[in-house]
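**Student:** Take these sequences, add in the hints, and give me the full structure.
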Amino acid sequence: MKMAPKFVTVVIFICLSVGAVLTVFASDNDHWPALKGKIVSVDAKRAVVTIKNVQGQQMTFQVLPTSEIKIKSHGLLKWNRDAAFKDLNVGQWITLTYYGSGEVKIARDIKIFLDGKAVSASL
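Just so you know, the sequence shown maps onto residues 2 to 124 in the working numbering.
Calculated directly from the structure, the hints in this document are not laboratory data. Among the hints, erroneous ones may be present.
[To be verified] Ranges of calculated distance between the beta carbons of each label pair, as one might list FRET restraints: (1) 7 with 105: 46 to 52 angstroms; (2) 7 with 56: 54 to 60 angstroms; (3) 102 with 74: 29 to 35 angstroms; (4) 69 with 46: 19 to 25 angstroms; (5) 69 with 7: 40 to 46 angstroms; (6) 32 with 90: 50 to 56 angstroms; (7) 45 with 104: 55 to 61 angstroms; (8) 7 with 84: 20 to 26 angstroms; (9) 104 with 74: 14 to 20 angstroms; (10) 32 with 54: 18 to 24 angstroms.
All C-beta atoms, glycine included, are put in the ideal place defined by N, C-alpha and C.
**Tutor:** As structure tokens, then:
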């Protein structure tokens with residue numbers, strides 16, 4: 002019977018650990034800085050995109066092979082599809098989450114809005 006308190010302690014520890022991990026994964030996008038804006042330049046050689054946000058500031062982001070890029074539509078036929086760096090074009094409205102600060106900011110994920118509604122859409 003002396004094993005019961007140890008067993009209960011181990012079970013409680015495991016449950017709390019799993020709960021903590023699930024909480025981190027559930028709020029995965031909550032802690033990444035995000036912005037909405039329009040693409041003003043794309044440099045394919047350096048894999049860099051420059052965005053003018055809705056406040057008028059320009060910011061440049063490195064796009065890595067691991068950066069997730071999606072194309073979204075808000076029309077009657079709502080659809081999403083995977084995209085690639087080559088699908089990024091000047092003039093497109095996007096939402097973007099990123100990490101890093103200063104000169105080096107890395108795009109974590111980019112959503113291209115074909116109908117230009119990224120400005121009014123909430124993140």
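**Student:** Each hint needs a verdict: does it hold in this structure or not?
**Tutor:** Against the structure, the hints come out as follows:
no.	hint	result
1	7 with 105: 46 to 52 angstroms	holds (49 angstroms)
2	7 with 56: 54 to 60 angstroms	holds (57 angstroms)
3	102 with 74: 29 to 35 angstroms	holds (32 angstroms)
4	69 with 46: 19 to 25 angstroms	holds (22 angstroms)
5	69 with 7: 40 to 46 angstroms	holds (44 angstroms)
6	32 with 90: 50 to 56 angstroms	violated (29 angstroms)
7	45 with 104: 55 to 61 angstroms	violated (20 angstroms)
8	7 with 84: 20 to 26 angstroms	violated (53 angstroms)
9	104 with 74: 14 to 20 angstroms	violated (34 angstroms)
10	32 with 54: 18 to 24 angstroms	holds (19 angstroms)
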